[in-house]
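Peer 1: Heads up: the sequence lines are chains S and L, in that order. Residue numbering for the first sequence follows my numbering, beginning at 1 and increasing consecutively. Residue numbering for the second sequence follows my numbering, beginning at 535 and increasing consecutively.
Everything labelled a hint here was simulated from the structure, so no lab data went into it. Even glycine gets a Cβ: it sits at the ideal position worked out from N, Cα and C. Please note that a few of the clues may not be correct.
Which chain S residues stay away from chain L? Per the calculated CB distances, all over 12 Å, these [said to hold, decoys possible]:
{"#": "1", "residue": "Leu4"}
{"#": "2", "residue": "Asp22"}
{"#": "3", "residue": "Phe46"}
{"#": "4", "residue": "Lys69"}
{"#": "5", "residue": "Trp133"}
{"#": "6", "residue": "Leu248"}
{"#": "7", "residue": "Leu308"}
{"#": "8", "residue": "Ser377"}
{"#": "9", "residue": "Gly456"}
In silico BS3-like pairs for lysine-lysine, Cα to Cα no more than 30 Å straight-line [said to hold, decoys possible]:
{"#": "10", "chain 1": "S", "residue 1": "Lys320", "chain 2": "L", "residue 2": "Lys595"}
{"#": "11", "chain 1": "L", "residue 1": "Lys626", "chain 2": "S", "residue 2": "Lys399"}
{"#": "12", "chain 1": "L", "residue 1": "Lys595", "chain 2": "S", "residue 2": "Lys273"}
{"#": "13", "chain 1": "S", "residue 1": "Lys156", "chain 2": "L", "residue 2": "Lys547"}
{"#": "14", "chain 1": "S", "residue 1": "Lys273", "chain 2": "L", "residue 2": "Lys604"}
{"#": "15", "chain 1": "L", "residue 1": "Lys547", "chain 2": "S", "residue 2": "Lys386"}
{"#": "16", "chain 1": "S", "residue 1": "Lys400", "chain 2": "L", "residue 2": "Lys547"}
{"#": "17", "chain 1": "S", "residue 1": "Lys273", "chain 2": "L", "residue 2": "Lys616"}
{"#": "18", "chain 1": "S", "residue 1": "Lys125", "chain 2": "S", "residue 2": "Lys156"}
So you can see what is in the structure, the chains are spelled out below.
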Amino acid sequence: MTNLLYEPGSDWNFRRISDVYDACEEIAVNELGCDCYVNQLEVVTFEQMLDAYSSIGMPLSYNHWSNGKAWSHYENQYRKGRTSLAYELVINSNPCINYLMEENTMTTQTLVLAHAAFGHNHFFKNNYLFKTWTSADSIIDYLVFAKNYIQKCEEKYGQDEVELFLDALHAIRNYGINKYKRPGKLNAQAEAKKAQERATYLRKHVNELWDTTVIKNKQEASKDKTTVNLNKPEENIIYFLEKHAPNLTDWQRELCRIVRKIAQYFYPQGQTKVMNEGFACFCHYYTLNRLYEKELISDAAMFEFLRLHTNVLNQPTFDKKWYNGINPYSLGFAMMMDIKRICEDPTEEDKEWFPTIAGENWKEIILDAVANYRDESFVLQFLSPKVIRDFKLFQLGDKKQDPHYVVKAIHNNLGYKSIRKELARQYDYNYRIPDIQVMDYDFDNNRTLLLHQYKGPSGRELNRTSTNEVLNYIAYIWGYNVVLDVYTKQMLYDEGEPVSEQHQRTGTYKSTSVDGTQPIAVEKTKKDGGWWGF
Amino acid sequence: MSKHIIDRRQNPKGKNLSNRQRFINRSKKHLKESLGEAMKNRSVKDLKSGSRVRVPTKSIKEPQFQYDPKTGEKDYILPGNKEYLQGDKIRKPAGGSGSGGGQEGSDDAYGEDDFIFSISRDEFLDILFEDLELPNLKEKKKKSIEEYVTRRSGYVNEGSPNNLNLEQSMIRSIGRRIALKNPKKKKIKELEERLAELNEDRKPLLAIIDKYSDAKKRRCKEWSELKNINEEIVEIEEEIVILKRRRDAISFIDPIDLKFNNFTKVPNPKNAAVMFCILDVSISMQEREKDLAKRFFILLHLFLSMKYDKVEIVFIRHHTTAKECTEEEFFTSKESGGTVVSSALDMAYNIIRKKYDLEYWNVYISQASDGDNFATDNIEVHNIMETKLLPLVQFFAYVSIVSQSHQVDSEIGRGIGSGLEKVYKDLMDTFHHMQIRRVFQSKDIYPVFRKFFIPQEETKND
């Protein structure tokens, strides 16, 4: 008799999902050595999948029009058959929430379980970035707190005002992150309590009469001023605004906290796309093959799986019309498989390039890579000549003034290192997101906020339109003018004093709104009768 | 490691409805422009479909600090090298630097020109007719014939199996069984357990008794105990038999329990409107003029459908004689010759009299024409309008299609055609529910339509 988990062509049901899950667990945990959060498998309809899609992949999110925009976009795409939805969606939380779409076939569900419930789940629990910067235990609670808090704000202060403030914060979302300082753990209840306490404290202690009538002695007054510790330069712009913007009310400061905490939670995801997907694909590929070897799934199921697998991992070449960058699934999977190959069956070339891993135990090497690298360092460390050859990668230089692109390196001995280095650099967070920090503010005079951008060697410049719009948003939060100076290099500081004089200012952007009135970039919808001006 | 499997499919969908509403509100201004565009390909009678709309990305953008892809010195890593060697130069495509990289370009949020999405019929109509009102809306008697709706009306004892109401039937079944003292399962089970217990108790007693001699058996205390137990066993067995017999006699469900959902048809009174589309199809009306007229009729039909439960349309086309026709004929057929407007008006009047009882029907007439009419007919037109038509109708909209753009703004009643406008203009002084607007091109249509129906106070303010 066969010991198949399910007959070919059969629909999924809860019993089968449970059986397949157990079989996958046996392989992923006991053979591959995955260490996962408890899984929560949720069966959803495609509408619910769309909902999750558009609330940045979270099971819930505070209300904002941008989510509606994303939803309308995905819905239109899906209904027209332009895109199919992802088969799965998995959330970095404890328990780890996996969405399974009801339209999936049983084989797809098997793939999803192996891919997300074990691959991604292991990655979330073990990668150092996720361990450092996210609190899987409390994220869902925190989102609930955020949603409720913002809803209450809307009831109290009006939807328009709250939305406008959120728009402004969203524009600097990427600058609500501590890149170096490790954040504290999230705790929704404590956050809610703190917010409450701050509000009561302020209510109790603000005493207009005292502040305006009692004259402070000079010493105290000067002390007040010097104790304002700006702690500049500050990379976390939202944090700076939250702490130092002069005119914000307490709910606005709380919104700053909410947006930056959520931004911080997503910070590792952007930096580990290749590795995360690569490991998940490796995990599902290994698991499904083992299921097949154990004769737990049929030939038909295996063929269906291989078709899905190759679709997901398709890497179009650069000259195709639908080329849209390097497919992180494809590159990640190829690199993981290649590490396995180097460990098991190294060539002379591998021994020269990877003397420390050639011939080692591949499971240990891969799990170590998953735990201790991010995309940039992973590519720099593990991208092998063989993968470069398989992908036929080449490096193309683009100088603005040249009429030509120059092929700088191709997949040969001279080119491997250059390609590897450049590709790694492009996965670097700081290469993609302009480096902008809060430098100072004019405390005594007009309170202008000074931002610095450090341009780096590539000489890329900011997009003028969007930069001005973002500056207007910052000015709206700050309440006064904002200036962004562009420097070629970062100034070096020693105890708050600049020590390097090599930096050179090359440009300046200014906010166009004056004194923090409505940012000009923001069009408020008016209820007017005539749009043709009659 | 444990797992939880949860079926979320029954959870409410549409978590993003409020977000979508916010998004639509935000882009409303642009949506309205887009809707005019979407009107182009609709049929006059089409009320069901929603629409795909486009909004310029600019109005709903979410700006970020980002690099301008056209600047700086960059390297791309690309897959799929087939022929290049180190040092090769590739000419950049004309016009677009940066586009060769592909990847950088797609990161740019400003790359897409328009944001396209679909809106439902209701959203479509709401936006289209926001703030507009029907002038002169009279509460007429609701029409109560023809249309019926099916409503629930309690339960009946007979019906078809698909209407069987399980809940009601089971309530009666349970009640009947209680009334007939149907033994409870639990009771039988208890008795059976007791029986088993007694049988167990008997065994040790029997064993002891077996050891005694026959003479002693009847005198020992175990004997009397055994006797008691045996009596009880007999009692219980009898009781069980009775209960089981009773249970078997009482059916679980009986025909008298059955209850069926009952539905009745009730008349569904509706307020009704009839809309007359009158179009001049003489030689002077070309494709452009017909297209403009059609767009106006579509808007009017949609608008009336929002306000009335039932809307009928009558198409009348005319040159020197008038004819009632289908929508397709109305817009496509070619005619020639001159124009006698009174023929169409007369026909409209006759149709109203014949088919539409004014006690029930609201009448709207919209006429589109380039203003040509036989000079001798103008007096007749004036008469029919004044004495027959205008007293009957709720609203008369005349769309005057002009051939030059500057005429749109000039004074009504002058300058074009052969005086039809002038005749109507004179009538407007007496009849306020009649309006004239001029259009020149398709983008005029929607604003003109709004002018017809915007509440009066607002137009005065302009």
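Peer 1: Each of the hints needs a verdict: does it hold here or not?
Peer 2: To see whether the hints hold, each was checked on the structure:
no.	hint	verdict
1	Leu4	holds, 21 Å
2	Asp22	violated, 8 Å
3	Phe46	violated, 9 Å
4	Lys69	violated, 5 Å
5	Trp133	holds, 20 Å
6	Leu248	holds, 21 Å
7	Leu308	holds, 21 Å
8	Ser377	holds, 16 Å
9	Gly456	violated, 9 Å
10	S:Lys320 with L:Lys595	holds, 29 Å
11	L:Lys626 with S:Lys399	holds, 11 Å
12	L:Lys595 with S:Lys273	holds, 25 Å
13	S:Lys156 with L:Lys547	holds, 27 Å
14	S:Lys273 with L:Lys604	holds, 26 Å
15	L:Lys547 with S:Lys386	violated, 47 Å
16	S:Lys400 with L:Lys547	violated, 49 Å
17	S:Lys273 with L:Lys616	holds, 27 Å
18	S:Lys125 with S:Lys156	violated, 39 Å
Hint compliance for this structure: hints 2, 3, 4, 9, 15, 16 and 18 are not met, and every other hint is.
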